[in-house]
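Kindly produce the complete structure, drawing on both the sequences and the hints.
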Amino acid sequence: MSIINDPRVVEFNIRTDEMLINMGPQHPSTHGVLRLVLRTDGEVVLGAAPHIGYLHRCAEKIGENLAPRQWVPYTDRMDYLASMNMNLGWALVVEKLLQLEVPEKGRHLRVLVAELNRIASHLVAMGTYGLDLGSFTPFLYAFREREKILDLFEQVCGARLTYSYIVPGGVTGDLPQGWLQNCAQFLQELEPVVDDYHALLTSNAIFIKRTAGVGVLPGEMAVNYGCTGPVLRGSGIDQDLRRDGEPWYTSLYDGYQFAVIVQKEGHYPQDHDYPAVPAEAVLGDCWHRFYVRMLEVVQSMDIVRQALDKYAAAAGDCGTPIKLNHKLPPGEAYLETEAPKGQMGFYLVTDGSAIPWRVRARSSCFANVSVTSELCRGCLLADVPAIVGSLDIVLGEIDR
Amino acid sequence: MTIWAATDWYAFFFLLFALLACGFAAAVLFTSNIVRMAFYLTLSLGATAGLFFLAGAEFVGVMQLMIYVGGTLVLLVFGVMLTARAPFLSLRPRSGEWIVSLIAGGTLLFLLIASAFGVRNWRTASDSGPLPLAEAQTATAVGAGLTGVRVDRLNRDAAGHALSQLPHTDSGYLLPFVIVSVHLLVVLVGAAYLARAKVRRRSATESTASVEG
Amino acid sequence: MDTSLLPILLGIAVLLPLISFFVILAVGRWWRPVLGGYLATAAIMAAGLLSLTSLAIWLSHHPVGAAGHHAADQAGPYVGDYYVLGQFGALRITIGYYIDSLTIVMCCLITLIATCIHVYALGYMHEELHPVTDHEVTLPDGSPLRRPGRFSNFFQYMSLFCFSMLGLVLAGNVAMVFVFWELVGICSYFLIGFYVERKSASNAANKAFIVNRIGDFGMLVGMMALWGGMGTFAFGDADLNGNGSIERSERGLFSLVRPAAREHQLTTPEGLVLADAHEELQRWALAHPTATRGDFESYVAGELDDLRDGGPDGSGRRYGYWLLVLAGIGIFCGCVGKSAQFPLHVWLPDAMEGPTPVSALVHSATMVAAGVYLVGRFYPVFAPEVLLVIAVTGGITLFLAATIALTATDIKRVLAYSTVSQLGYMMLALGVGGWLAGMLHLVTHAFFKSLLFLCSGSVIHALHSNEMTVMGGLRKKMPITAATMLVGCLAITGLSIPFVIGLSGYYSKDMILEQAFSFARENPGLLGDGFFIVAAGGAAMTAFYMFRLWFLTFAGEPRDAQRYAHAHESPRVMYVPLIILAVFAAGVAWPAPFGWPSLQGLLEQARPAGTAVTAVSAHVPFVWPSEYIAHDAANYWSIVVPVTWLAFLMAVAGLLVAVAMYVTGQLSAREVSRQFAPLHRFLLHKWWFDELYDLLFVRPLYVVAGWCAAIDRRWIDGLIDHSARWTARLAAWSQWLGDHTLIDGFVDRLAAWTYRVGVSLRSLQTGSLRQYVLFLVIGVVAVFLISSFL
Amino acid sequence: MVRERFPDQVRYASCVEHVIESAAVAEFLVHTLSLPAPLAYLLAALIHCGFILGLVAAGAVVFIWAERKVSGRIQDRLGPTRTGGKFGWLQSPADGIKVLAKEDLIPRAADRLLFRAAPYVSFSSSFTAYLALPFADGWVAFDTNVAVFFILAVLGLEVFGVILAGYASGSKWSLFGAMREAAQVVSYEVPLGICVVIPVLLTGTMNLTTIANMQAGWCSNWLIFHDPFTFAVFWIYATCALASVNRAPFDLAEAESELVAGFMTEYSGMRWSLFFMAEYSSMLLVSCLAVILFFGGWHGPIPVFDWLGWAYPGGASSWQLTGFLANLAGCVNFITKAVIGVTVMLWIRWTLPRLRIDQVMTMCLKYCVPLAAICFIGALWWQVAGWWSPNHWLPLRPDGPGGMRETWVVAPEAACGEVARRLPWADSAPPHGAARRTLPGCGLAGPPAGWRTGSPAAARGGVQ
Amino acid sequence: MCGLLAQITVSHYLVVGAVLFVTGVLCMATKRNALGVLMGIELLLNGANVNFVAFGSKLLRADALGLDGQLIPLFVIVLAAAEAAVALAIALNFYNNHTTVDVDKAEELKG
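Chains as they are written, first to last, in the working numbering: chain A, 1 to 400; chain B, 1 to 213; chain C, 1 to 790; chain D, 1 to 464; chain E, 1 to 111.
In short, the hints are calculated from the structure, not lab data. There's no promise every hint is true.
[As the list claims (entries may be wrong)] Some chain E residues flagged as far from chain B (calculated, every beta-carbon gap over 10 Å): (1) Ala106; (2) Glu107; (3) Glu108.
[Stated by the list, open to error] Derived list of chain A stretches under chain D, where covered just means 3 residues or more per stretch with a C-beta under 8 Å from a C-beta of chain D: (4) 23–29; (5) 132–143; (6) 196–209; (7) 382–389.
We put the CB at the ideal spot given by N, CA and C, even for glycine.
Structure follows, in structure tokens:
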């Protein structure tokens, strides 16, 4: 609970001068080049304004000069922590325009890598959140497991960060031999580690003190600001595009069993396995956002397991990527997918040539970061990293 | 070697600490930067603590370090930070005031120094020989004095007459000690009250407009 | 289980609601309000259980014969004191109890009904759980009033009321009766004025309170007369000194007025006789100047019976008798007020401003019946002349209220006038010697009237209106309410299969009619016949207005489609009490089979000694036939059969008229009212009673008050003004001389001088901290120099 | 000896010894090397300072290396491995050289004088505190009677350097750090002081040597086992010490995720490393203090040297090899315990998230202060009531610290039994209270052995 | 060492005390910053303390004050801390009302 929103509150009688502070773009805790202009009265933050644009690379404009297949690497660099999901979003929207169905095996392969990358992204979010709160160790624990995922991806596509693996029409190559066993083994290793994460952070008393009741984002405000993903679900809004999205996207998950991670009647779908929600936590606070991500890791593990089986059972190939000179029928297409950070939408207008006439990306982090000034108003200075960290933003996606 | 032999270490340290104390006191007087003033004051008070050690008042010296330097000055610096508008604030007095002050102060200093050396008893050294340990280590005696037993008076009486002659009403510094304790408590409460946070009158949202600017 | 438990059980039963009251009072504001409701309900429920236990104990010790058995198996009351508040000479003020079967029946009745009503109110009052917007109150800025909910307050008052009512029933002496009498009055005041922001509600509360005070004044007079004559407040005899026998000083009112030595005949108490005969005694004392005190007492003892009974032949003056009558009428005055009898009936219809559960509990079932109960309790004290007054009052009230009820359109007012009318029935019954009939009707009426009120409350709750003109057709929407209300209507009407079985009203009303008939048979003439005609006509009117109410509400087509659309059956918490009450309303007075105790038998046990015989008055030419006569098998064909048929026919007639008017439509109500326009208007304006009282009392009071004010202003104020003016003049003179010239002159001079000094010193006060420091330094230096060199 | 040689300065000798408490080394210099006494004193003082400085510097070096290795192990990685061959043991010197070689930047907005002075204030205060810290029986530079108090006072001065640094940097982040540091440290001094007073109360002296010596024997003699309250208060002390030396989770002044680096934001090179060394030496200092106050100082869990008879008996006045060895072992013992304490601090640092400033202050004012005060009263009560404590169990000497009475009660008794009996608490003497003892430095109860009584104090010294 | 310093006596301490005292007084007289005035007071009190300690030290004088010479400075120090706390609170309030700590602005009470 921020101090100046406290109903008992009090004017601090000491007349201190308000101070303008630039938090970022070079600051240890702002997750990239976000610049927050804070107006503080002592430790109390009276206002916070996020300034963005330090990482703008004209990706959308470049997209108007490249074939869809060529633009895939640019999507890698949007949410570079979840490139697979970015690739997937772009590939799906192009396929939607072309009405191009991917074979069954390809479908499961896409689910497989997308969910693995979701795990990786959430692990980074968790680790860096620990850093934001002054706890260094969980960061390395998280990165240790993430490295294993990156190893898996490296085996798949040769890249560790910018995969460009899922392309319109299919993937760049099928899985190598033995990959499925490696992946299954990784999941087995990850399983017990998740408990460690919960012990280190989720149920840590200081962590709860720092996050519970801090930066409360009411569900209504979250909706009004267009927040999506774990930020939205952390506020108790039951929305997950993997279930609620367009059929073109949700058909990807046909036959998969998963429950949307959102608090209903005081409980999360899987919270019986993990630390209970602390009494101090308010729905929509930093703790809940964090917890939703932690549970989504487990959820994604489950989906990956299912995908492994389905992929192994499916016959045929994984689809053929479209050619560079593939003519795009005139028209437009828009599709939103559930990326780890929220709803990632790609928009495409074509004029019949092989190169899109207009390309646009709808960033989830852009909407998520916009609540910063609401959440930070009246909190303490130390809460600012806690709040910004809990939103889990990636500037590459915001600035594009 | 002769230099070493001739050195009066007591005088040396006395001079060292005295010069530090007086010098930094003067620095406090002549600097106009409030934070530096606080810094110099720290050194001056620390040197005074050294003088106390030299004079055999260990407990007072440590107390000086603890309360004055550690507590009071930090408090002062805190106040400086809270009240300084520009980073390094200085409010300079008019030079006429300086002149008047220096004249008055100089006269006073002259008078005080004159009287310091004016009394024969004060300017002649004691020749009572080595001190008994009990009188050199005073921390316990001070503690006992604060809790109601004047050990030094007991000792003095012990040389001559029966100890029971000590008046039963003598409670040392117990009463002032208690009074000061209560006083300190009251003062702390009062200070906290004076500088407390009060009920809000303006809303928090009112003053958030200028972040963009 | 011993009967010695009875006072304890009933005492706890009385105290439970009080505890609830205090708990809610003390901690209610920190509770969730609903807890207050639960607490009060639990308390009254527990009290009910205790009462039923008492009833069981009573029955196990005093088995009741078969129904209607007249074998006067009278069970003596249990009398005693819980606590002696004080003893002032002969006057003992105690917290005592007087327990007979009437007490226990009343306790059961009150707690049972109150429990039902509490439960009902939990649902009915739910709006009070939250802040309430009262659209009937408009603030000066035109917006409706918003106030916090008063749920727990409501139950707080209800608890207090239940305590008071139970205390009233259990009370063992007149003083306690009076205290609880006033307590129920104040509770009624609180509850009528529950919506205190509404002008009408606060007016009604005031009206009820003031009108009751008029009655209570009479009651105080009666009480004082009784106490002056007998020196005790207690009802029953109590063995205070524990010697096993009842001495003179230990006797209660009842045995003093009807001493067993005189076969419970009405006997003017010694004190009253002597008070009245003091002139004769004085004369004797003057004539015998040498007589000692002993002589005097023996003289008095010898003369007492003669003085009392008007000489040996009874032809002389009967000393003290008029005081007894006065006392009786005084007590009855209180009952008139509380039971809303003519002419003090005007407050009860207005009291319907309170919430409906209050109307059901306070203003129909219990508190207003307390007057009847008190008449029943004081029955042995009432001289025949008083009974006549009671009968006349009851008859008038009965007729008057019934006629008004014919035209009222407010559902609760219909019921209110019905209540008044039924209370009149009871008074009439008591007045014509039907103690049992009156008491029985008291019990049955309590059940069916509270049922009717709760049903009406359910309707109001559904429609948010009291007006029957917007109702209609509700039986489809509210089947349970309609059914239970129908039971209530049938019960109050006394419909039955004659001689076979009927609802409870059939038994009590028939009993009243039988007694009235019996009275009329003994006392032919205007008054005697009049009572019976009024009672029989009242039965017809009762049937008419009750079914008019039911038809207008539940039958036919809805008159207000919008309200109808939103109507709904009440929640379970409200209709379950209705069903329970309906069961009781139907069956409480049934002559029980298998020799189970019947209500009549139970009440018969409490019949005051000496009231079962035929009474005659020495001063008025009337005979009060014993109640047993009407039920005597010998008179079965001459009294019971014709009266039963008559009552049945009357009720059916009223019912048929109502059907014709409001169901089948053969008679147009509007036509009828137009034809009898003056009468209709007369009835619609409630016989112009409010206006009459306004003219008779209020206006003259204004005039007199105006006179008083004028005297106050002109004479008293004038005197004070003049003296003040003179004082002021004197003061002005002394001010000029003393203050201005002498004292002020000196002070001004001094002040001016001080001021000049201050101004000259002012320049030193620079306000600069640093200069002050310098001054200090310079001062120190100066002192130093001066002390050194001078 | 001093007094014989320099009779004209006898009067001042005791005072001088206060300032240069280097009698042990000085005696050695005077006797063996025949140096003139003043020079000997000066040299001895320098030697002492060198020792302590070396300890502080070496401590910092070791702890920085340890921090890297410990954090590495905690985080499932190796830490430095290559610098200096195995284990990266030269990592800290390498860092030190790097730091020395760095450019010494001073921001334009800074107050240059204060900006430069601040690291020295900080470092020298944490260094000065070591003067009064005994490492073994008699191995102390400045054997003052008020050592506990002295250490607390001087340690408290460290905050002054931080405040100056934060203020003089002319940076907002630094100012924030300084404000936090000032508020936090000043607040935590209160519970810390109360915690420290409890052992002082139980042993009746502020002389650290005496306090440690009173806990000689089995580990049951340690003051932490004196009663439940001292046991509880140790944890409060640990919390407050952690807070007052600015270690995680109380490292708000330099919270890098919020304040970049707090008061150190604008510092670089050697000045920065001075702050760093001050922090590490403070950590070691509070650990040492805890060891002396609660864990018997150099007296181990098992009284080996007492069995052997090597330890200096009370009142011994001459140098003995066995005693020297016992002291050496005790010193190692002492430092081992202290290092364990520091390691626990490292462990905490790498495990817990950081608290928020309001939570830190809440912790202090709402929990630590009242709890410490309760423990204070409880321990006092326990002592006065004379209840059983583990200190009475297996006592090496019949009068373990549990049987101690406060010197401020004992001393007046020694001086005047009659007057002392007037004191209200005089009647409730615990069973062991009757056995009065004379321990070194124990106030007026008796003069400390070999100290200013004419016997050579050098006998107890460590350098010979 | 020169003759004056051949033996350190009470007088030497008194001189130090006098210097501190006068410096404190001058601080109070010349500083316009309220906190500077406060520091002056601290200096002044310290000068007085030096005198007390000097008179109380048995090392310097045979007929010394004894323990009183140490106990009184203790009280002075503690009370000075209390005074500093209150004075600081006053200064903060003053700052709130005047947005400055210039004591020359506090002259509402001038004649």
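Evaluated hints:
{"no.": "1", "hint": "Ala106", "verdict": "13 Å, holds"}
{"no.": "2", "hint": "Glu107", "verdict": "15 Å, holds"}
{"no.": "3", "hint": "Glu108", "verdict": "18 Å, holds"}
{"no.": "4", "hint": "23–29", "verdict": "holds (count 3)"}
{"no.": "5", "hint": "132–143", "verdict": "holds (count 8)"}
{"no.": "6", "hint": "196–209", "verdict": "holds (count 6)"}
{"no.": "7", "hint": "382–389", "verdict": "holds (count 4)"}
In this structure, none of the earlier numbered hints is contradicted; all agree with it.
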